[in-house]
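Engineer: One letter stands for each residue in the lines below.
There are 4 protein chains.
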Amino acid sequence: MRLSLLIFPADNVVVNGIAVKADHILTFQCYKLSFLLPANAAYVGQVHVLDIGLHKKFEPNLTAAYELVDENLIASIYQPRNRFAHKGNFGHAIIIAGSYGKAGAAVLATKACVRAGAGLTTVHIPRSAYAILQAAVPEAMVSSDANSYLLTKIEEDLSRFNAAGVGPGIATAAETKILLKELLKQFNQPIVLDADALNILAAENELMRMLPANSILTPHPKEFERLFGKTENDLARFQLAKQKAKDLNALIVLKGHHTLIATPGGKFYFNNTGNAGMAKGGSGDVLTGILTSLLAQNYDSVEAALFGVYVHGLAGDIAAKKFSREAMIATDIIECLGEAFKLVSDLQ
Amino acid sequence: MRLSLLIFPADNVVVNGIAVKADHILTFQCYKLSFLLPANAAYVGQVHVLDIGLHKKFEPNLTAAYELVDENLIASIYQPRNRFAHKGNFGHAIIIAGSYGKAGAAVLATKACVRAGAGLTTVHIPRSAYAILQAAVPEAMVSSDANSYLLTKIEEDLSRFNAAGVGPGIATAAETKILLKELLKQFNQPIVLDADALNILAAENELMRMLPANSILTPHPKEFERLFGKTENDLARFQLAKQKAKDLNALIVLKGHHTLIATPGGKFYFNNTGNAGMAKGGSGDVLTGILTSLLAQNYDSVEAALFGVYVHGLAGDIAAKKFSREAMIATDIIECLGEAFKLVSDLQ
Amino acid sequence: MRLSLLIFPADNVVVNGIAVKADHILTFQCYKLSFLLPANAAYVGQVHVLDIGLHKKFEPNLTAAYELVDENLIASIYQPRNRFAHKGNFGHAIIIAGSYGKAGAAVLATKACVRAGAGLTTVHIPRSAYAILQAAVPEAMVSSDANSYLLTKIEEDLSRFNAAGVGPGIATAAETKILLKELLKQFNQPIVLDADALNILAAENELMRMLPANSILTPHPKEFERLFGKTENDLARFQLAKQKAKDLNALIVLKGHHTLIATPGGKFYFNNTGNAGMAKGGSGDVLTGILTSLLAQNYDSVEAALFGVYVHGLAGDIAAKKFSREAMIATDIIECLGEAFKLVSDLQ
Amino acid sequence: MRLSLLIFPADNVVVNGIAVKADHILTFQCYKLSFLLPANAAYVGQVHVLDIGLHKKFEPNLTAAYELVDENLIASIYQPRNRFAHKGNFGHAIIIAGSYGKAGAAVLATKACVRAGAGLTTVHIPRSAYAILQAAVPEAMVSSDANSYLLTKIEEDLSRFNAAGVGPGIATAAETKILLKELLKQFNQPIVLDADALNILAAENELMRMLPANSILTPHPKEFERLFGKTENDLARFQLAKQKAKDLNALIVLKGHHTLIATPGGKFYFNNTGNAGMAKGGSGDVLTGILTSLLAQNYDSVEAALFGVYVHGLAGDIAAKKFSREAMIATDIIECLGEAFKLVSDLQ
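Each protein sequence line maps, in turn, to chains A, S, W and H.
Counting in the working numbering, the first sequence runs from 7 upward without gaps.
Counting in the working numbering, the second sequence runs from 7 upward without gaps.
Counting in the working numbering, the third sequence runs from 7 upward without gaps.
Counting in the working numbering, the fourth sequence runs from 7 upward without gaps.
One thing to keep in mind: the hints can contain errors.
Identical copies look the same in the list; a pair holds intra-copy or inter-copy alike.
Claimed, not checked - List time: in silico BS3-like cross-link candidates among lysine-lysine, alpha-carbon distance up to 25 angstroms:
hint: 1; residue 1: Lys228; residue 2: Lys93
hint: 2; residue 1: Lys236; residue 2: Lys93
hint: 3; residue 1: Lys327; residue 2: Lys93
hint: 4; residue 1: Lys93; residue 2: Lys348
hint: 5; residue 1: Lys93; residue 2: Lys328
hint: 6; residue 1: Lys248; residue 2: Lys273
hint: 7; residue 1: Lys159; residue 2: Lys191
hint: 8; residue 1: Lys348; residue 2: Lys327
hint: 9; residue 1: Lys187; residue 2: Lys159
hint: 10; residue 1: Lys328; residue 2: Lys348
hint: 11; residue 1: Lys236; residue 2: Lys252
For the record, the hints were derived by calculation from the structure and aren't laboratory data.
Modelling step: build the complete structure from the supplied sequences, incorporating the hints.
Structural biologist: Right, dumping it as structure tokens:
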């Protein structure tokens, strides 16, 4: 076997012509953005970071345009539980999810929210999903919509909740658009928006302006395109995400092999956990649950996004090791959150 | 890292001014009450008990105002199963729990009751929760209320049951108050009262006087306040619990990091198992199930309260080790009861 | 600690006066019946069987009045699966179980039947239990009664089934008595009768005479009493079981710490697996499922009874080791059947 | 113990007279077809393949009339997941399964499809199975038929799906025949047909001619007979399968101890994984799910059939080791798919 080797110091390069398909890449001091771009996937093999002997105090003081989410960063975000804490200390999350045929998305998001540590979790679902949710997640309380098939209205007093996650499996019916609009109007804590909530947002531009500050949007590339338009390449998409995060005063979590997190403050983070076994229906619902749970527990939105994306990917990596990339399913990611949190708490 | 060290012999101290935040505390011979108070949490690090060489026969003969529930006490309470026993020997428990949207509380309490060893378990739930309960806990029998959403009336012959647990998720509707009143009237074995049953009690003082002797109330601090009024500090709350336990001829299990058990006989016990991972919706429902199960198995109320709170916390500690404090859920506590009982039986 | 020691050669003794409470009992060559009697429980400690050097060929040729089911006997019964076998070789079992509030009994019996190896399993339940059964045991087919709450009529063609198990949770309504009568009329393979099927039999003596040859009745002592009347002591009850097994041309499995199996051929077997952790609602339903499954797989009734009771107890012992006697539940027994079968197949 | 030993070079022999029952068989270089025939089962013990020193390059160049599916073949088929893949890369599968009383078949096929790695899975079921499916497989989306009991019409836009699997538990009602006909008309990707879909095909010959190219039929011997008529012996049945695969331009997976795969190109493959513990209701439903999942992931039909049958058997072998041949159930096969895929990925 012949291996190709590339020493690659360049940064913002999107391959669009001839390039070496490198089995191994040597680079200096830190990851380069180029390695993280989907468009470059075929050309980027195993990356080896070479220490070029920079002064230890040099790097941490740099303000990079983008940052790789690493264990040090996560260790600095993670808040261990106070011994005397009670469930009130960990907030009350509401998950708004599901429609007829897609109740499973609500199950996954709710389970993940409970497993990620929220003090209390309520899930709002269409009436036909009532028994499904109560049986699948006895730890959660259920708020049933008056409508059997669709989400139309939340009767609960929203001020009881510290965070909301909306979107998995909700479809895009007119009634559900009204529910989303009411939620954005009345709820003034950060909201996690995913899936069909993003599709509604893309179709109803006025809603975009109603997002509570520091809300978190979690589009995959197609949803991103629907929301913000086409871009020429990955780098252009990243720049657009940065711009939109500032404009909307919201976080944008652009899901992919290396999920990008763009903050309202203009920072870029790339996540380095996760694997192709998570490329399956349900993985995104789990992320929505985790993010909502962390917000309810009083992590701020940037912390929640960085920590949530990291621990979601880490749990996915543990699941892949246990069940293989092919056979692992979204429920496995949830069940591996325990091991993931244990690894995080060992970082300290 | 600089560690602060405190040698701390004082007992009934509630910090309300300046105090050392001790990383390590050295104390003589036994735990001091001060270490167990939530108000002192920020000042109490790891406690080291120093043996000051008291005569071995001295301590056990002391009648302390309060006692720490330890392994010796639990070993003396635990009754191993007689080889020739049949299910009749372990009693028939009834769990009365759930309302529309909170059927999960009934699932958790019932599962815990079954797992804690009751010979037979029946659960009374609102009609809409019927299939949920039968699917989740096939070992239990289900008594469905005529009402789909609320508990209104138990049709079962109550004399068949050796113990009852009431409260998880029942809400506080007028109809449910009537059910609770009827239960207190007709049932003359100890009852475990939790959650909304306590809230009903707080609102209907006449019910308080109808409690069967040696019933067990399991309020968390807010429910305690609703029941018995505000107190100035932790110590005052403990004293009030002691007074009320005597007045009501009932046990009061005041839930918290170190759960307090106050007996009608005027004794105080502090539990030392459990952790902040249990600070989540559902943990209390599990405790209700365990306590009811132990009463059905013929443990007396003091034994049931001490043993139940201990084994609940121990199972929670095992769950935290397996799944982390963040990710552990109430169902995990139930699933870890087996390992907890094995540890208890090894104490002998 | 002082230990009492007893050398005890006597056989048919029921303690009803003064007796030594022996911590250790030494006996010659084999177990004595006296050790197996519930009435003697308090007096029988750990039993040590002493080899008195009988000729190896002597014992196997003895025709004992009763026999202890041991590993050799089980190894001789167990039929390993032929490599080329298909599901048709392992028969089609029907479980008839459940009523409103007791659908769990049907779940447990059906799961056990599937796990014990039947080629196909159908369960007949009241209509309200339809979704419960399909969700809990996807491997089984469901035959729903026209009645939501009770069993009234089986529409299936009974000739498709190789064995039937009836009773767990069926209650004793008049309509269900009719169903049982029809079953006994039309089905000419051995039937396992348990729980309320036995209670119906006890109330309707004419049904007793309709039992297909080599059916298996699995009463606990109270059900036995309802069926066949009171007896003075354990030995008298055993003798009555023997008599009734002959009269009815059926097997009687008298459940207890050492379950007794009386055959139509006049033989007595005592089982020696199982433990007090099985003294809980649901254990009997599991036994019904196992026995029906073995009959469907073409074990004859005596083999099925001996093997089924043995493997049920063995799975219970494994469950007790994993989960403790207190916390183990009927579902655990089912889940441990795999390990139990592996131990059995290793006997060969 | 006396062992019989047979050195057996002959190939196409069906025993129908006197033959040695060999405990051990020695054969040269490779398996002989005779060892794989059910009719020879009683005569074929453990097979030992002796290397006769053929030139290494000789064997791979042979075009055998039949081939044993081995690890090398599987390793050459298996496609590891691209790191940058997203769920769109792994296709959208639709499972069409279930009828009243047989919703479990739909649960098993859907779970298997999800676990075998499809990007998205939708299941079409009769309306009464809605909650069952959503609760059992939250990762899948559910398309409910307008009919509660039977499958009558798929409202979904079929062009969204990359592969379809139809048959488990669907029964053979006239309405369902219409559904199947419509499916064959409108869907132009390969379809996996199993169980009652095959029975419908056997009854409606015109449907047979409508099969999309490279569809996969998975009959067991009786279903095969209904489809294509009786044959004199195993070898004749294999030849008939070969002929029909060509005629129909479809793959025929003839299930048995050594499942045969006949391709439209006139090739024969025998699978060598799997065991008699899979001879139970539900195993076939699992295979349907796996095959459909692999087709959706862009394996071609021959690859999907070879790989799917292999990994199904391998997961079954892992399940047998864990739970015993007797106690293993179809759900266990699904749960062991993870370990099976890990073994496959280690082959490379």
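Engineer: Which of the stated hints cannot be reconciled with the structure, identified by number in ascending sequence?
Structural biologist: none
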